[in-house]
Structures are given as structure tokens and as C-alpha cells.
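A.B. asks: Next come the chains, spelled out residue by residue.
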Amino acid sequence: MAELNRPFAPGTYPVVIVGSGPGGLQLSYFLRRLGIGHAVISSDEAPGGMFRHFPLFERLITWSKRHTPVPLNSRPYDWYDWNSLLADDPSHRVLVPDFMDGTSIFPSRQEMERGIAAFAERNRLDVRYGCRWVATRRHNDGFTLETTDGEYHCRVVVFAVGVAEPWKPEIPGIEHVPHYVEMRPAREYAGKRVFIIGKRNSAFELADALHPWAKQIIMASPRPVVFSLYNRSPAASVRARYVIPYEDHLFGGGTFALDAAIDRLERHADGWRIFATGTTHPVAFTFEADVLVAATGFTTPLADLRALGLKTFSHDRIPSLTPFWESATVPGVYFGGTASMGAVGLRKYGLGSLSGGVAGFRHNMRILALHLAQTYFGVDVPKRELRPDEVVPFLLAEANGAPELWNQRAYLARVVSVQPDARVFDEGVLPLQYFLDSSGPDAVAITVETDDHGEHRPAAYVRQRGAINEVVLPGDPLLNFDGQEHHARLAEVVRPLLPPASL
Amino acid sequence: MIERSDIVDTLAGLALFADLTRPQLEAVAHTFEEEWFNEDQRILRQGLAGSAFYVILEGEVAVKIDGERRSTLGRGDFFGEVSVLLGGPPTADVVAARAVRCLVLSGPEVEGLLMTYPRVMFRMLQAQARRLQQANRWRS
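Chains D and E, in that order, give the protein sequences.
Position 273 of the first sequence, counting from 1, maps to 359 under my numbering, and the rest follow consecutively.
Position 80 of the second sequence, counting from 1, maps to 61 under my numbering, and the rest follow consecutively.
Honestly, the hints are just simulated from the structure, not real lab data.
All C-beta atoms, glycine included, are put in the ideal place defined by N, C-alpha and C.
Certain hints may be false.
[Said to hold, decoys possible] Estimated spans, in silico, between C-beta atoms of each pair:
(1) D21/E to T189/D: 47 to 53 Å
(2) R79/E to R118/D: 38 to 44 Å
(3) G93/E to A587/D: 48 to 54 Å
(4) D21/E to E541/D: 31 to 37 Å
(5) E41/E to P368/D: 31 to 37 Å
All chains, please: the whole structure from these sequences, using the hints.
C.D. replies: Here it is as C-alpha cells:
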């Protein structure tokens, strides 16, 4: 690419985004809408991030439905399409279903990649490709990023670098074991005995892909398999699409899903020997395999950020973040895209956020753009004023159809404030944790939650004179939260905040 | 930086998990999530349903009821189990008194853990009995 045509030459920018996957592109789109100058740099050569490579064998595990109860160009549609990036203007929208062949609600990797690239192209989102972030320095007024193209200076930096760097646990002998990312086409495993370390989605993706080829597949990890059918979480469980290898395990068809801690691994001339100890049942195992692969997950490429004081969790793989996705320990460093999962939220009833996927983090990026604009650059976005009698219908409509509240249950919430002069304002969609842990005027936040019986219900959090009261509204078999009972109950909840007789 | 093996070693040193074999500890380490909380961050919220069970690996937390500090918990201590076992919201806030690293198990998974590892249940019962004894002494 000719140097003259490359955008964002090294220099000084208000914000620098590192990464050209869906997280970086989504944030760039919303920052531009708010008029915040920024540069986007990426070590890749094209947009798409992890979807340029993964998933290796399968379709995505997130749906994009074309035929839905709501119009394609409406806001509620985004709940039925977890993979398309968000746009404020209908002419900016690019729907992943437009790139799908209609044989599945789950796009293939290529379909997803094309959808992201089309979003970047239609919205003319510039990226300086082939520019790798190498090192980071912190100053009083911001940061300097050293890159392969030169130095970038900025007040705020957002790393949307994915959580896609191969990660392997400490097991003696694992250093020679190929990772999931190194797998070759499935047919190359014809007639082989394949041993997969791991029993989460990437392990099951391999098992599913190799099923027609391998003569034996063993998956092993210490913890029993947790399917989304069991824990109802789309985030921290094996999705039902991968149930077939597990059924094969249950029927004794040659696939095994074992609960075992791997003690050590030995490579020999013809393959591998795996020594393990059963966890659910205390058995000493020795396995022989032709192929051994570590489907043990991924980590965030943090380069030298730990040296700046960045704290991490989940075995040093994920940065610890505030509810607005800022490093909990290095102010001014933010994370976008998949790494926004570092702001864990409340995990109510064990249900984590969907920030690890496009479905969740696209909403995070819209909120982050506004947060950066307001916090660092003094952008004043007018709030919509509501009449008191609009509050209940507005909040219930959000619980019924806001994609933010459904994709990010108990994580994002629609907030309405009541000012001391009794004027009522829509404060927008905010992280629920931020609302609960911050002070402010009387207000009500509504979100959608899924309880430990699997029932989806709206939950209202009422802040009155600084104290928070949680009120869980009734559920509904058809998920209609707009009935008389809901109106009456929510009116009862918000009435004390509003002027007398205003409802 | 904490590796899974370090967590297994840490768990082995905690009274709650003292009776488990190494493979069982590995399974427990894979069952819990690890989280890190900065000083002053709220971990458990008084009155909010759907909370989880926490075991402190590093650091210290303050237990507060209606804003008043009632006790302090440190490495090896656990909290959140009462609301999970009784199915109600926590009756106290738990706030990081300094940076805290915890293992977290969602409420719905706690029963499974205790039924799978009865010795963990016994150790938890012992700890609860001690807390009750201490509370009774404090009252008398």
C-alpha cells in the first residue's frame, strides 16, 4: 500500500484505537458520530479481527436471523441479529444476514468477515493497517504508543486487540503441543486417534469437525462439561450446537468427554502419551494418541501494559476494568471489543455478560464512545426530557425490546432520572453496576434478568435519596412485559419519585 | 500473574478445601471463576438478589451493614454463602478494603459443589459454627 494513501500517520491524536476487529471499528464509528478525533491502527492487513481466522471449522455460535417478529431496520431487530455492528443511521447499517446463504441462522466465518468488512467500507472507517503497536509509555497528559510506523501520542488509548492470543495452562510437556489455532483441515485427521485438552466451545468445535474423520476423539479437562442448556448462559458454557459429540460420548460411539486433570504429556515417535487423573472418578489414566491438541482458550495480548501497573484476572488473561471499560489501575487506558469482558458486572444468578462477543460489546462500544466524549472532550449530548406519564411505558418498552438490555442482561440498563426540580430525563443506557455504585439524583434503572429458574423478567432498581431498592417485575411466558400487571407494578415503584398525581 | 497451578496450590492451603485431593482441587479451580477487585469496590451488594459465593485468595474485605463496618475478612475466608444457601439477597455489603483477588462461584452452582465434595460442606459448616459461636459470645 502506497504510504501516501495510508491514513493516520504517526503523530498526536485525541484518542488512539488499537485494533481493526469489530470492537475497534464499532468504537471508531461512534466516536466519529460524536466528532471525536481519533486514529485507528492495526497490525492486520484488513478489517475483521479474529473473524479473519476463527472459528477454524465451524460457523459462529451466535445467531443472525433474517425473519423476525420486528422490522429489519428497527432497533429491537438487533436482538435477533447478534453479529451485525450497530449504526445510528439506517443508511449506515450493514446486516450480516445480507451475506449469509440462508441455510443456517449461524453465519460462517467467511460470511461474518464479509459483513464486518462491508461495515468498514460503507461507513468509510479508516484504519492504518500493517501498523503494529510495540510499546507503551505513560505521561502526565496521556500516552505514547511506539509502533512499527512510528510514535503516536494521545490522551486516551483504547486497546481493541481481541482475546485471541493462544493460551495454554502449565502442564509438563505442553510446550510442544499444538494449540487449536494450529489445526489443519479436518480430512488430514482421517483414521487418527485425537486427544483434545479442554471441554469448552473450541474443544467441542474441533470434536464436531473431526467427528467424520478421526477414529477416536477424547476430550479431557478437570471440570465436567457445562452446556448452555443446563446453566442457561450463552457466555460461559458449551452451546447446544455442539451437543452431537457429547451425545456420541453418552452412547459410547467412540468420542469421549472425560473429567480428568492432565498430569504430564510425553511425545514419542508415533504420537503422544497422556498421563491424567480422573476428577469426578479417581482413576489414573494413560492415553495413547496420534494427535494431541490444546483447546485451552485464549488470552489478551497485553504487551508491556502490565509494566504500567495493569492488573489482570482469570489467570492473567483478562484486564481488570471499571464499569466503563477503563483499566482499574491505569487511568486513561481503555479496552474495547472482546477484552471489554474485563468489566465483569454483577453476574446475577451466575449469568455473565455477552461482552466477550460482538452481540454484547457492540453496545459497550456505543456507551464507551459517549463516555469518552463527555469525560475527556466536554461533549454535551442533550438528554431527552420525559413527561412523568411517559416514564412507565418508556421503561417497559425498553424491557420488552431494547437489544442492549437483552444482549447484556443485568449488565446494561436504561436509566431515567428525576431531578430536584422534578424534571424527568432519559439518561440513556448505562452499565448497571455503575448505576448501583454511584450516587446521583433519584432515578430508576430497568434491565432484563434471567433468574436461577431460567425465567426472564424485567428488574427495576430505584434510587431514592441515595438508597437503592431492587424490584423484580413478573415474567411472561411469551416475554411480553407490557401488560396491565407490569404497568401497575412499575407505576407503584416509580410513583414515589415523581410529582404527586403525575402518573 | 496467577497461573492455574498457583490457584491449586493456594486452594490446597485453605481450610475450606484442605481435604481435597490434587485432581479434585484442579476440578474446583476450573469450576470457580477468578476475579480481581480494586480497593473500595463493592463485591456483594446488600439487598440485591442473585449473588454468588466468594473465596478470598489475596487481600481483605470489609463487611458492612447499612454502611456500618461489622467485620473484616481475609485470605481463606469466604462470603456470600448465606444468601446463596437461603435463596435471599445478602444482608450486608462486602467491599474490598484493599485490592482483593477472589474465586467466585455463581449461586446456582454452589449446591452442586457442596454435594460433590461433602468434606467442603463439612468445613463450611465448621466455619459457620465458629461464626455463630463468636456472634453469640459478642451478644452475651
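A.B. asks: Does each hint hold? Answer for all of them.
C.D. replies: Results for each hint:
1. D21/E to T189/D: 47 to 53 Å: holds (52 Å)
2. R79/E to R118/D: 38 to 44 Å: Roughly 41 Å apart at Cβ, these two residues keep to the hinted range, so it holds.
3. G93/E to A587/D: 48 to 54 Å: holds (51 Å)
4. D21/E to E541/D: 31 to 37 Å: Hint holds: Cβ distance 34 Å, inside 31 to 37 Å.
5. E41/E to P368/D: 31 to 37 Å: Since E41/E and P368/D have Cβ atoms about 36 Å apart, the given range 31 to 37 Å holds.
Violated hints: none; the structure is consistent with every hint.
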